[in-house]
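Could you put together the complete structure from these sequences and hints?
Protein chains in written order, with numbering that gives the first Met the number 0: chain A, 0 to 133; chain B, 0 to 133; chain C, 0 to 133.
Calculated from the structure, these hints are not laboratory results.
Calculated lysine-lysine pairs in the BS3-like style (CA-CA distance at most 25 Å, straight line): (1) Lys83(A) <-> Lys51(C); (2) Lys117(C) <-> Lys80(A); (3) Lys14(A) <-> Lys122(C); (4) Lys90(C) <-> Lys83(A); (5) Lys83(B) <-> Lys51(A); (6) Lys40(B) <-> Lys122(A); (7) Lys8(B) <-> Lys117(A); (8) Lys90(C) <-> Lys8(A); (9) Lys128(A) <-> Lys8(B); (10) Lys122(A) <-> Lys14(B); (11) Lys83(B) <-> Lys90(C); (12) Lys83(B) <-> Lys40(A); (13) Lys8(C) <-> Lys117(B); (14) Lys80(A) <-> Lys40(C); (15) Lys83(C) <-> Lys80(B); (16) Lys127(C) <-> Lys8(A); (17) Lys14(A) <-> Lys83(B); (18) Lys122(B) <-> Lys14(C); (19) Lys80(C) <-> Lys122(B); (20) Lys80(B) <-> Lys40(B); (21) Lys83(C) <-> Lys51(A); (22) Lys22(A) <-> Lys130(A); (23) Lys83(C) <-> Lys51(B); (24) Lys127(A) <-> Lys14(B); (25) Lys83(B) <-> Lys80(A); (26) Lys90(B) <-> Lys40(B); (27) Lys90(B) <-> Lys117(B); (28) Lys22(B) <-> Lys90(B); (29) Lys90(A) <-> Lys14(A); (30) Lys14(B) <-> Lys80(C); (31) Lys22(A) <-> Lys128(C).
Model, not experiment: these values are computed from the prediction.
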Amino acid sequence: MRVHVLQLKPGQDLKEELSRFVKSNRMCAGYILTGVGNLRKATLRFVDEDIKTFNEHFGILSLDGTLSSDGMHIHIVISDKEGKAIGGHLKEGCIVYHSAEIVIGESENLRFSREFDKRTNFKELRVKKIKKGL
Amino acid sequence: MRVHVLQLKPGQDLKEELSRFVKSNRMCAGYILTGVGNLRKATLRFVDEDIKTFNEHFGILSLDGTLSSDGMHIHIVISDKEGKAIGGHLKEGCIVYHSAEIVIGESENLRFSREFDKRTNFKELRVKKIKKGL
Amino acid sequence: MRVHVLQLKPGQDLKEELSRFVKSNRMCAGYILTGVGNLRKATLRFVDEDIKTFNEHFGILSLDGTLSSDGMHIHIVISDKEGKAIGGHLKEGCIVYHSAEIVIGESENLRFSREFDKRTNFKELRVKKIKKGL
Chain A
0 MRVHVLQLKP
10 GQDLKEELSR
20 FVKSNRMCAG
30 YILTGVGNLR
40 KATLRFVDED
50 IKTFNEHFGI
60 LSLDGTLSSD
70 GMHIHIVISD
80 KEGKAIGGHL
90 KEGCIVYHSA
100 EIVIGESENL
110 RFSREFDKRT
120 NFKELRVKKI
130 KKGL
Chain B
0 MRVHVLQLKP
10 GQDLKEELSR
20 FVKSNRMCAG
30 YILTGVGNLR
40 KATLRFVDED
50 IKTFNEHFGI
60 LSLDGTLSSD
70 GMHIHIVISD
80 KEGKAIGGHL
90 KEGCIVYHSA
100 EIVIGESENL
110 RFSREFDKRT
120 NFKELRVKKI
130 KKGL
Chain C
0 MRVHVLQLKP
10 GQDLKEELSR
20 FVKSNRMCAG
30 YILTGVGNLR
40 KATLRFVDED
50 IKTFNEHFGI
60 LSLDGTLSSD
70 GMHIHIVISD
80 KEGKAIGGHL
90 KEGCIVYHSA
100 EIVIGESENL
110 RFSREFDKRT
120 NFKELRVKKI
130 KKGL
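Written out as structure tokens, the structure is:
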């Protein structure tokens, strides 16, 4: 496994920077190992498709998800200034407050792609094993 | 570290499929690196032993835990359609809604087992290092 | 990547034991891969600096963060006996109830340090790549 560390600065958009990082590294099969930091604005999509923007400060408590140049699927848990936790699908519009530290693993013998699945109406993950030595 | 990717389909039971996957891979020392997806029903055990089933849709925000053929200890964070996060010990009865993507690491030089500990009244993790070359 | 497993016992302080473990292993670039367990008391710092202690039982749902002898940055998600999730920055004063199981990855070709950043008023992570063979 290759390990990447992405550090973000105040004002950067968490999802946009992750997407840029994944593309500039031509990442084929990445997954978030750990993620911490904070936000000064959060935009999340919840399970039945509602999207909501919160204009307040949050801690980033956890980041989980799979990453490839073909698409990302990232869920985040954040908590407000009283500790209450909310979370959902990471959307553009999560703006870093002080910092974000994200550690990403990448498997060079796997390849992730996303294909539209008419049963779920979403692009779902496909995983291929790559033979070593090719 | 060996990396496994488990993808689940609508209607599958998250804990049962994880257990089947761990056993069919004869996994000795696994741990969840990342986990995302959604559920259409969730059954969780909370800290003082209450078990509760929720018949609604949730996003899977994070999955953490240790896995071996000898037992699994998995905690999950989920959020409802308004983003409110709850979580606890993963029980049978967490049914996948659209999909679940779980990335698992496995250390081939470690061996996890679970032994009953009378102080805590639970089976607690034991970790052994395996010499390489055996 | 080297993998470490830390197991904690009833009454131990989660942050103090993590700090001791990181120092005794002279860890230069660690990150939490997975973390589960429970607490009988929790002390967390929230996003706008409030610190609060909760004298009740919680499940540890997730642990994310970066670790080095030069400093740790760890966020935790916990849930109470009804499943409600809260979380924040891990402080001293999170006392293990029955157990905690924490799996840590360490990259031997990276070096983490923390330097004071006057823009954010915090010690922020610095990452260096170490040439192999040195």
